[in-house]
Amino acid sequence: MLGSRRSTVTLAAGFLKNQSQPLRLKNRTVIGLLVASNVLGNFTLSRGLHEVGRLVSFSPWPYIHAFVNPLVVLGVLLLIVWLISQLSLLSRVDLSYVLPVTSVSYVLTALMGEFLLHERVSTERWIGIGLIGLGVSLVVRTVPRTALRYHKCSDLPYEAAQ
Amino acid sequence: MKWLLIALIVIPGTIADVLNAKGMKRNGEVYDFRPRAIFRLIASLARNPYVSVGVPAMAVSFFALMALLSITNLSFAVPATAFSYVLETALAKYILKEHIEWRRWAGASLVGCGVLLVSLGV
Numbered sequence: 001m002l003g004s005r006r007s008t009v010t011l012a013a014g015f016l017k018n019q020s021q022p023l024r025l026k027n028r029t030v031i032g033l034l035v036a037s038n039v040l041g042n043f044t045l046s047r048g049l050h051e052v053g054r055l056v057s058f059s060p061w062p063y064i065h066a067f068v069n070p071l072v073v074l075g076v077l078l079l080i081v082w083l084i085s086q087l088s089l090l091s092r093v094d095l096s097y098v099l100p101v102t103s104v105s106y107v108l109t110a111l112m113g114e115f116l117l118h119e120r121v122s123t124e125r126w127i128g129i130g131l132i133g134l135g136v137s138l139v140v141r142t143v144p145r146t147a148l149r150y151h152k153c154s155d156l157p158y159e160a161a162q
Numbered sequence: 001m002k003w004l005l006i007a008l009i010v011i012p013g014t015i016a017d018v019l020n021a022k023g024m025k026r027n028g029e030v031y032d033f034r035p036r037a038i039f040r041l042i043a044s045l046a047r048n049p050y051v052s053v054g055v056p057a058m059a060v061s062f063f064a065l066m067a068l069l070s071i072t073n074l075s076f077a078v079p080a081t082a083f084s085y086v087l088e089t090a091l092a093k094y095i096l097k098e099h100i101e102w103r104r105w106a107g108a109s110l111v112g113c114g115v116l117l118v119s120l121g122v
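Each protein sequence line maps, in turn, to chains A and B.
Sequence positions in the first sequence follow this note's numbering and run 1 to 162.
Sequence positions in the second sequence follow this note's numbering and run 1 to 122.
Just so you know, these hints were derived from the structure itself, not from any lab.
Honestly, I wouldn't trust all of these hints.
One-sided and incomplete, this derived list gives chain A residues near chain B with beta-carbon spacing under 7 Å [to be verified]:
1) K26
2) T29
3) S96
4) L108
Straight-line alpha carbon distances no greater than 20 Å define the calculated SDA-like cross-link-like pairs of lysine to any residue that follow [claimed, not checked]:
5) B:K97 to A:V143
6) B:K2 to B:K97
7) A:K26 to A:T146
8) B:K2 to B:S84
9) A:K26 to A:I127
10) B:K97 to A:V140
11) B:K93 to A:H50
12) B:K97 to B:I15
13) A:K26 to A:T102
14) B:K97 to B:T14
15) A:K26 to B:K2
16) B:K93 to B:L116
17) A:K26 to B:K93
18) B:K97 to A:R145
19) B:K97 to A:K26
20) B:K2 to A:V143
21) A:K26 to B:T81
22) B:K93 to A:V143
23) B:K2 to A:T142
24) B:K93 to A:S59
25) B:K93 to A:R92
26) B:K93 to A:V136
27) A:K26 to B:S84
28) B:K93 to A:T142
29) A:K26 to B:R34
Glycine included, every Cβ here is placed at the ideal spot set by N, Cα and C.
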C-alpha cells in the first residue's frame, strides 16, 4: 500500500522534473482537451452561478463574492485549461479551422443533457446536431494551416521576407 | 440591458478571436505542455501585444455571458453568437489572410445554422 503510493509520488515527481522530454500533444488531443474543458467548465460554472444567484452589476464585488462557491472555482479552473488549449491550438492552425471544429462542444452539451440530465432533446436539436456534425466533417477535410508564418521578432511574414 | 450584454459578448469576442489568432501565429507553434513550458508560454504571451489585448477582450465577453446567463437562459444568449461563425470566417480571410476554400465556408455556415437550431430547439 505504502509502496504503491510512493511509486505514484515518484512517478509524479519524475513527470514534473523530467524536462528533457517535451510533452507533445497532437492537434487532435488539444481539440479534445479544449472541447472537454469547455463543456465541463460551462456546466460546472452555470451550476455554481445558479447557486450564487443574480449577477448583473458594474461593481466587481458580486463577481468576487461568487468565487466562494466551489463549483464556480472548479469551473474557472477548467476554463483556464480551455484558454491555454485554445491559444496553443491557434498557434498551430487557422482560426477558421478552430472555430467550426470546436463547436462540437454544443453537440456534447446537448447530448449530456439527454443522457446525464435526462432532458428530452427535441427534433430541432437533433437536426442542429446533424448540421454541426456535417459542418465539422467538411472543415476537418481542409488543410489545417494556411495562415502566414511570421518571423519571431518582426511583422514580416516568412513568405514576404524570402 | 439584454441587448447591451449581447453586444458586449459578440463584439469583444470577435475581436478577441482575431487578435489571439494573430498573436499566437506570431508567438510560434506551441508543442510542449509540461507545466514549466506552460508557465514560460504565459510569461511570453504577457509581452505579446495582440494576445495581451485579446485575452482581456475575451474576459469582457465571458463576464458579459456570465451576467446574461444569470438573467436569461441559453436559448436567448447563443443565437446571437451563432452568426459570429460566418463573420469570423470572413475576418479570418481578410485580416488573417487565411485561405478559405469552399469546404470552410460551407462548414462554417452549417455549424452556424446547427448552433442556432441546437440552442433554439429546447
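Hints the structure fails to honour: 1, 2, 4, 6, 9, 11, 15, 16, 17, 19, 20, 21, 23, 24, 27
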